[in-house]
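**Student:** Sequence:
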Amino acid sequence: MNSRKKRKIFKKILFLLIIFLITSILSIVLLIYGTKKEESESLFYNEQSYLDYKVCLKENDFYETDCLDKNMGYIANLIDYLNVEFQYNFKMNKKVDFVYKYYITAEVNVFEKNNPSVILFNKIINLLQEKTSDLNDSDEFTINEELKIDYSEYNELVRSYKNQYSVIADSTLKLTLHINVESQYNNFENPINTSNNMKVMIPLSESTVTINMDYKNINDSDVYQEVPKKTITSYIILISGVVFGLISVMLFIYIILFYDKKTNIKSEYEKLRDRLLKEYDYLITSSITLIEEGRYETYDVADFKELVQIAERKDKLIMWTEAKHGKELVSWFSIIDEEKLYRRIIKESDFDEKKK
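Using my numbering, the letters of the sequence shown map in sequence onto residues 1 to 356.
Please keep in mind that the hints were generated in silico from the structure rather than gathered at the bench. For glycine and all other residues, C-beta sits at the position ideal for the given N, C-alpha and C. All clues stand as given, with none of them false.
In silico EDC-like cross-links for lysine to aspartate or glutamate, where the CA-CA straight-line distance does not exceed 20 Å:
#1 Lys70 / Glu85
#2 Lys101 / Asp220
#3 Lys216 / Glu47
Pair ranges (Cβ atoms, derived):
#4 Met250 / Glu306: 48 to 54 Å
#5 Gly294 / Leu257: 46 to 52 Å
#6 Ser234 / Ile25: 17 to 23 Å
#7 Lys148 / Asn197: 19 to 25 Å
#8 Asn197 / Tyr165: 29 to 35 Å
#9 Cys67 / Asn187: 47 to 53 Å
#10 Thr194 / Asn144: 16 to 22 Å
#11 Tyr165 / Asn196: 33 to 39 Å
#12 Asn187 / Asn77: 57 to 63 Å
#13 Asn187 / Leu257: 48 to 54 Å
#14 Leu290 / Met250: 48 to 54 Å
Whenever a hint applies, use it, and build me the whole structure from the sequences.
**Tutor:** Now the structure itself:
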């Protein structure tokens, strides 16, 4: 391929690349302007609880007060009942629609002595049936529930079990406030759900030993973040962006195919050379050096077929050598017969002259 053709192909490819770049930029810009990215939003919530209880005693000759405050030691067989108060507060940083549900259970567990993991007896009792409340456009709510727990009732249940089956075991009464919150925020696609429990563990005992109650208040918080979404601002702009994107893709494919086609085009010289080498491969052998003309009586044959006839008649091979003379490729097809050299020379310039 001559330099003039190469320059022409290069100019066309450059032009196509510029068009490709313009359409690609247009596609990206239009797609960006055709869609809008919504800003992300966050919701923050905080939940806290407070448990208060009093242990009310049976009549006795020692205590001047009827009820003892929490976080004291208590004699089991002096306990009449427990007054337990559950307080829970849920607060968000923005106003939402709430649906919250809660209920309270009492769970009696009898387990192997000093080994709470081995449960011998378990019973769950509903102390407060599930309550549901709806709140619209609010940022907080509070739960307050007060229960009177008959300590003797649960102690008697455990005593009966132990006596009947003659087991030596430990036992507890666990009170639990179960809370489930579902909130809906207008800017959020999905509802926000959270659940938590307030618990107090009360040892059950028949003997006159000091017992301590174990409880833990809720102090929790979290952040919900809605992932930004893209919304269509203009279908015309968006479709235009898609169209320019498709044009860019097709242009890119065309540039690759065009480049591959043009760079792999063979000249008329190359076509003839390759055809001769393929058609007469049984007669032609390659040589890396040129035959010295002065050593032989040289005959330039007018046609390649004549050279083939000479090779077949004299039972000789045709030696082929290709080299560059100046800027053009030249092929020498030669037969040596004693002191004679028969040859056919094919040059790239031969075909340029024919075109002229």
